[in-house]
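**Student:** Work out the full structure, taking the sequences as your base and the hints as a guide.
Chain by chain, the residues:
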Amino acid sequence: MKIAVCIKRVPDSETRVKIAADGKSLDEAGVKFILNPYDEFAVEEGLRLKEKAGTGEVVVIALGPPAAQETIRTALAMGVDRGVLLQTPGLHPDGLETAKALAGELKDAAFDLVLFGKMAIDDYNHQVGPMVAELLDLPCVTTVAHLEIAGGKGTAEREIEGGVEVVEFPLPAVLTTDKGLNEPRYPALKGIMAAKKKPLDIKPTAPGPGALEILSLTLPPERQAGKIVGEGSAAVTELVRLLREEAKVL
Amino acid sequence: MGDAGNGKGETGKVVPARYQPPLPLDKLLLPVGASGAGDRMELDVVIVGAGPAGLACAIELAHLAQRERTDLNIGVLEKAEALGEHSLSGAVVNPRAFRELFPDLEDADFPFRGPVEKERVALLTARRAFTLPTPPTMQNAGNYVASLCEIVRWLGEKAEALGVNLFTGFPAASLLTQGSRVAGVRTAPTGLDRDGQPLATHQSPNDIVAQVTVLAEGTRGMLAQAYLEWQRVAAENPQIFALGVKEIWETKQPLDSIVHTLGWPLPRDAFGGSFMYPLEPRLVALGLVVGLDYRDATLDVHALLQLMKLHPLFRRRLEGGEMVEWGAKTIPEGGYYSVPARRSGEGVAILGDSAGLVDVPSLKGIHYAIQSGMFAARAIFGALTARDTSATRLAEYDRLVNESFIMKDLYRTRNMRLAFKDGFFVGGAKAALMSLTAGRFPGRKITVGRDADVDRTLTPVASPGITPDGRLTFSKLDAVFKSGNATRDTIPTHLVVGPDIPAAVAEFYSHVCPAGVYELAAGAQHAAPLLRVNPPNCVDCKATDVLGPRWTPREGGSGPKYKRM
Chain S
1 MKIAVCIKRV
11 PDSETRVKIA
21 ADGKSLDEAG
31 VKFILNPYDE
41 FAVEEGLRLK
51 EKAGTGEVVV
61 IALGPPAAQE
71 TIRTALAMGV
81 DRGVLLQTPG
91 LHPDGLETAK
101 ALAGELKDAA
111 FDLVLFGKMA
121 IDDYNHQVGP
131 MVAELLDLPC
141 VTTVAHLEIA
151 GGKGTAEREI
161 EGGVEVVEFP
171 LPAVLTTDKG
181 LNEPRYPALK
191 GIMAAKKKPL
201 DIKPTAPGPG
211 ALEILSLTLP
221 PERQAGKIVG
231 EGSAAVTELV
241 RLLREEAKVL
Chain D
1 MGDAGNGKGE
11 TGKVVPARYQ
21 PPLPLDKLLL
31 PVGASGAGDR
41 MELDVVIVGA
51 GPAGLACAIE
61 LAHLAQRERT
71 DLNIGVLEKA
81 EALGEHSLSG
91 AVVNPRAFRE
101 LFPDLEDADF
111 PFRGPVEKER
121 VALLTARRAF
131 TLPTPPTMQN
141 AGNYVASLCE
151 IVRWLGEKAE
161 ALGVNLFTGF
171 PAASLLTQGS
181 RVAGVRTAPT
191 GLDRDGQPLA
201 THQSPNDIVA
211 QVTVLAEGTR
221 GMLAQAYLEW
231 QRVAAENPQI
241 FALGVKEIWE
251 TKQPLDSIVH
261 TLGWPLPRDA
271 FGGSFMYPLE
281 PRLVALGLVV
291 GLDYRDATLD
301 VHALLQLMKL
311 HPLFRRRLEG
321 GEMVEWGAKT
331 IPEGGYYSVP
341 ARRSGEGVAI
351 LGDSAGLVDV
361 PSLKGIHYAI
371 QSGMFAARAI
381 FGALTARDTS
391 ATRLAEYDRL
401 VNESFIMKDL
411 YRTRNMRLAF
421 KDGFFVGGAK
431 AALMSLTAGR
441 FPGRKITVGR
451 DADVDRTLTP
461 VASPGITPDG
471 RLTFSKLDAV
481 FKSGNATRDT
491 IPTHLVVGPD
501 IPAAVAEFYS
511 HVCPAGVYEL
521 AAGAQHAAPL
531 LRVNPPNCVD
541 CKATDVLGPR
551 WTPREGGSGP
561 KYKRM
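As you go down the protein sequences, you meet chains S and D in turn.
For the first sequence, the positions run 1 to 250 when the numbering used here is used.
For the second sequence, the positions run 1 to 565 when the numbering used here is used.
Source of the hints: derived by calculation from the structure; they are not laboratory data.
Just so you know, nobody snuck in bad clues.
Chain S side only, calculated, beta carbon under 8 Å to chain D, not exhaustive:
no.: 1; residue: E14
no.: 2; residue: G30
no.: 3; residue: Y186
no.: 4; residue: L189
no.: 5; residue: I192
All C-beta atoms, glycine included, are put in the ideal place defined by N, C-alpha and C.
**Tutor:** Right under this line is the structure:
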């Protein structure tokens, strides 16, 4: 099995978000960056498929700034064989441009599977995986929660509203992974040591200008303090009135 | 137990040592090759703790190896999930050790926030602040305001660039021993449930065997304690500690000077004071430090810090701002007489705070930590080159420290902190005389006992509590949230509590711990209240390890996630 996993460097989910002076980007001062948690499921699944097959290669590919090397090292420490960084000055807001760059890297490499996290926790776009599939003209299954690969084809389970959808697909294919697919491993000490010696190929990349522009970022409104309406049955009428007139949920 | 009151509302005496379990040496010391480990790894030098001491040691070792064109395999174990996340200090930093570690860099290259330009020492009463002349030991011209988290991240990058292996998220849980030799460490396991059963993410402990093991665990280091007790390395006085609770505020009002205060809200028989430093004009570090030899069993450093912020000196700066980070840490305060007789042994060296290299009168330790790391690196490199890592050879490290400014500084101020065991005013007068006579008064050593042996009086409602408003003042629960602590709830307890803790002692613990780990819970009807322990809240400050329940290393990545502490 030859497996590619596309990963992204994102701000830690515990980050206290502060908007930069330009009003449309994140203030990165003091922000810790991590491997996108949904991509961790993809890395783990890639490693498990390779381990099960007993042979093959798992490659991670990231598009991002030089600091994304750290993110790649994390995946290498988990057990991935090698990494490729498509190095850009910053992150591109347009998913299509990211997809084009990744597809360019993937197209001649003859991977059996290309794995993505279903989304990045910083922009919530859910775009890049399916776009890459389209650009490579490969079948695509999104939000995979269970996966079996056997005899040149795969069976994926997707958790949909009220049930489970089972999808069969031929290889090669592009999949995006959901929470619940597996429990990602922590890098072991030996893995961290080994990661320093694994190949990491840095390729300067200049994605196109794209069609999207971020105009502004704003924080959600501050939560209002709670209100105690009253006690006993007398409060019910008042509560119903407030829910209808103020909160407008009835 | 006759001396302990029945809990709230009753006067009683608490002698903490009586309820403190012994150091769990059976877990902290394992013969090399003991069963139970997963991977085994060999390094030349393993350093426990990626703080200023441990990272400086790694950097200097890598520098020496580079200069001599040899390969050294150096690994640094750090219990925090990422670099700096368990590091906390004031801090005003003396840059001299930085300059020696990086002779090619300028002060402007170091990860400092800015030089100290103005300073003020004030004596507080409940409503007023009187400016005092700045004592000579507290003058900070030429020093820099800094965040220790930022210093540690920067040192970590330097170390990594030199080829040092940084293993974050891997606490060292035991020393591996071979006769009287330290042969390496065993890391803590991960992925266990409350009953110690493995979860899907379980990883066995790893053994790291090395020619030299460096203990740079910081304040109240567990393995350093275990080593000193095991090898019966004594000091003239036991180590004594203070607890500091610190907050970082984004403020509306700018601050242009560093401020230290004495007096209110501390009782007169407690030693301590506050600090307020501008990281940026509108980003202020603020904290309160109290010696753990205080007499009132209900004294609560976190609560006192909250109360202190109501004083006009602080209130007018903080109001309208936002508290963005909170943390706590103990400080070894014993000084010269509490430094262990030796800080090296067969295959081992003990650095920085773990060795008690802190000067309380000047409120400094970071430059001693870095300098001790460099001295250890030089001694270790010499030992490795000579293929002799015996105690005799590594004693070179002690010699270097003893002959340096570190011990000279500590000797000069050797009795200042100790004088304060007699209370604030007598202590203050004595300390002033010591300053004037460069330490010659009173000449002889002042003897102190362990903090845990100081008896405490539990008086009903001694400290009038304030109700936190969530804006200027905060509960312990809110505080722990601001420490970034997101330890999973199902972690096995890492705290060793003594048996049969009476209610008065439980109440004492609840005040000692700034993070709400210990709570007094209502017992069954008419029964005495019980001690409830919430281990995930723990921010590794080690205060109760000094006065009560023992702290032991737990799953890597647990605890706080400090960013700018």
